[in-house]
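A.B. asks: So the chains spell out like this:
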Amino acid sequence: SQQGEEDPQALSIQEGENATMNCSYKTSINNLQWYRQNSGRGLVHLILIRSNEREKHSGRLRVTLDTSKKSSSLLITASRAADTASYFCATGNAGGTSYGKLTFGQGTILTVHP
Amino acid sequence: DAGITQSPRHKVTETGTPVTLRCHQTENHRYMYWYRQDPGHGLRLIHYSYGVKDTDKGEVSDGYSVSRSKTEDFLLTLESATSSQTSVYFCATSTTSGRGAYEQYFGPGTRLTVT
Numbered sequence: 002s003q004q005g006e007e008d009p010q011a012l013s014i015q016e017g018e019n020a021t022m023n024c025s026y027k028t029s030i031n032n033l034q035w036y037r038q039n040s041g042r043g044l045v046h047l048i049l050i051r052s053n054e055r056e057k058h059s060g061r062l063r064v065t066l067d068t069s070k071k072s073s074s075l076l077i078t079a080s081r082a083a084d085t086a087s088y089f090c091a092t093g094n095a096g097g098t099s100y101g102k103l104t105f106g107q108g109t110i111l112t113v114h115p
Numbered sequence: 493d494a495g496i497t498q499s500p501r502h503k504v505t506e507t508g509t510p511v512t513l514r515c516h517q518t519e520n521h522r523y524m525y526w527y528r529q530d531p532g533h534g535l536r537l538i539h540y541s542y543g544v545k546d547t548d549k550g551e552v553s554d555g556y557s558v559s560r561s562k563t564e565d566f567l568l569t570l571e572s573a574t575s576s577q578t579s580v581y582f583c584a585t586s587t588t589s590g591r592g593a594y595e596q597y598f599g600p601g602t603r604l605t606v607t
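If you read the protein sequences in the order shown, they are chains P and W.
The C-terminal residue of the first sequence carries number 115 in this note's numbering, and the numbering is unbroken.
The C-terminal residue of the second sequence carries number 607 in this note's numbering, and the numbering is unbroken.
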């Protein structure tokens, strides 16, 4: 079963606009991560936020985490055509020995038009 | 890319034949994973390894087996391939970011078609 549910499934915007993607999850987590996947390639890690953090920034990326609502959002500001990709959230569970396992959502397909 | 290669990158095989996919890493990461990616399902964990000769099942392990005889290599075997195993397979490794959090690094994927 999928831990993360992402919304929207697809997002189409113009270059320069902001893109916001949301992720909801079901169980207690240790951390939540966002990954990008360009067409035909493997996933690339973007940013990690721990369960005791509420907001994190990395360049044009801003991630928020609300553990009371079991949700996270990824904001990409001033988007570029090169940001066109699929974006996945992934959760690392709290408690026990996780062996680094993550549970991935189904992803949001972002298209940025020049 | 974090020094993770997968071979082959593409394979077409017939139903009922055995298939082995290889993942090789040069990062000396302890943990390794095999996922499959299918439309509408995202990434699903097949098997994972937490050390040499230490492996365990993931979410969708039926029909698959794995082996890890060296830190750098993680093999995924489809004992008797079926059409439902047509998919893109990704290998990943992970290293700790501290306090129980691990980032994963992915290989380029293997596109497998079972006819």
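Hints may contain errors.
[Unchecked claim] To list a few chain P residues with every Cβ distance to chain W over 12 Å, as calculated:
| hint | residue |
| --- | --- |
| 1 | Glu6 |
| 2 | Glu7 |
| 3 | Gln10 |
| 4 | Leu12 |
| 5 | Asn23 |
| 6 | Asn31 |
| 7 | His46 |
| 8 | Leu62 |
| 9 | Thr65 |
| 10 | Thr68 |
| 11 | Ala82 |
| 12 | Ala83 |
| 13 | Thr98 |
| 14 | Lys102 |
| 15 | His114 |
[Said to hold, decoys possible] Sample of chain W residues facing chain P (criterion: CB under 10 Å; computed from the structure):
| hint | residue |
| --- | --- |
| 16 | Tyr523 |
| 17 | Gln529 |
| 18 | Gly534 |
| 19 | Tyr542 |
| 20 | Gly555 |
| 21 | Ser557 |
| 22 | Arg591 |
| 23 | Ala593 |
| 24 | Tyr594 |
| 25 | Pro600 |
Since the hints were derived computationally from the structure, they do not count as laboratory data.
Yeah, the Cβ is synthetic: ideal placement off N, Cα and C, and Gly gets one too.
A.B. asks: Hint by hint, note whether the structure agrees.
C.D. replies: Results for each hint:
At roughly 10 Å from the closest C-beta of chain W, the C-beta of P/Glu6 falls inside 12 Å, breaking its exclusion from the interface. Separation of P/Glu7 from chain W is inadequate, the least Cβ-Cβ distance of about 8 Å not exceeding the 12 Å criterion. In this structure P/Gln10 is not separated from chain W by more than 12 Å, as the shortest Cβ-Cβ distance comes to only about 9 Å. The beta carbon of P/Leu12 sits about 16 Å from the closest Cβ of chain W, which is more than 12 Å, so the claim that it is off the interface holds.
At roughly 15 Å, the least C-beta separation between P/Asn23 and chain W is larger than 12 Å, which holds for a residue marked as non-interface. Non-interface call for P/Asn31 relative to chain W: violated, since the shortest CB-CB distance, roughly 5 Å, does not exceed 12 Å. The Cβ of P/His46 sits about 5 Å from the closest Cβ of chain W, inside the 12 Å cut-off, so the non-interface label is violated. Even its closest Cβ contact with chain W, about 15 Å, leaves P/Leu62 beyond 12 Å, as expected for a residue assigned away from the interface.
For P/Thr65, the shortest C-beta to C-beta distance to chain W comes to about 17 Å, beyond the 12 Å cut-off, and the non-interface label holds. Listed as a non-interface residue, P/Thr68 keeps its Cβ farther than 12 Å from every Cβ of chain W; the least gap is roughly 15 Å. Non-interface call for P/Ala82 relative to chain W: holds, since the shortest CB-CB distance, roughly 22 Å, exceeds 12 Å. No beta-carbon of chain W is positioned within 12 Å of the beta-carbon of P/Ala83; the least distance is around 17 Å.
Taking the minimum C-beta to C-beta distance to chain W, about 8 Å, the non-interface status of P/Thr98 is violated against the 12 Å cut. Some Cβ of chain W comes within 12 Å of the Cβ of P/Lys102; the nearest lies about 6 Å off, and the non-interface call is violated. P/His114, annotated as away from the interface, keeps every beta carbon of chain W farther than 12 Å; the closest lies near 23 Å. Interface hint at W/Tyr523: satisfied, since its Cβ lies 4 Å from the closest Cβ of chain P, which is below the 10 Å cut-off.
Against a cut-off of 10 Å between C-beta atoms, the interface hint on W/Gln529 holds, since the closest Cβ of chain P lies about 9 Å away. Given the 10 Å rule on beta carbons, the hint for W/Gly534 holds: about 4 Å separates it from the nearest Cβ of chain P. With its C-beta approaching chain P no nearer than about 5 Å, W/Tyr542 sits inside the 10 Å limit, and its interface hint holds. For W/Gly555, the shortest C-beta to C-beta distance to chain P is roughly 19 Å, which exceeds 10 Å, and the interface hint is violated.
With a least beta-carbon distance of about 18 Å to chain P, the hint placing W/Ser557 at the interface is violated under the 10 Å criterion. Restraint check, W/Arg591 versus chain P: the minimum CB separation of about 7 Å is within 10 Å; hint holds. A least Cβ separation of about 4 Å between W/Ala593 and chain P falls short of the 10 Å threshold, and the interface hint therefore holds. A least Cβ separation of about 3 Å between W/Tyr594 and chain P falls short of the 10 Å threshold, and the interface hint therefore holds.
Contact between W/Pro600 and chain P, as hinted, is supported at the beta carbon level, the nearest pair being about 5 Å apart and thus within 10 Å.
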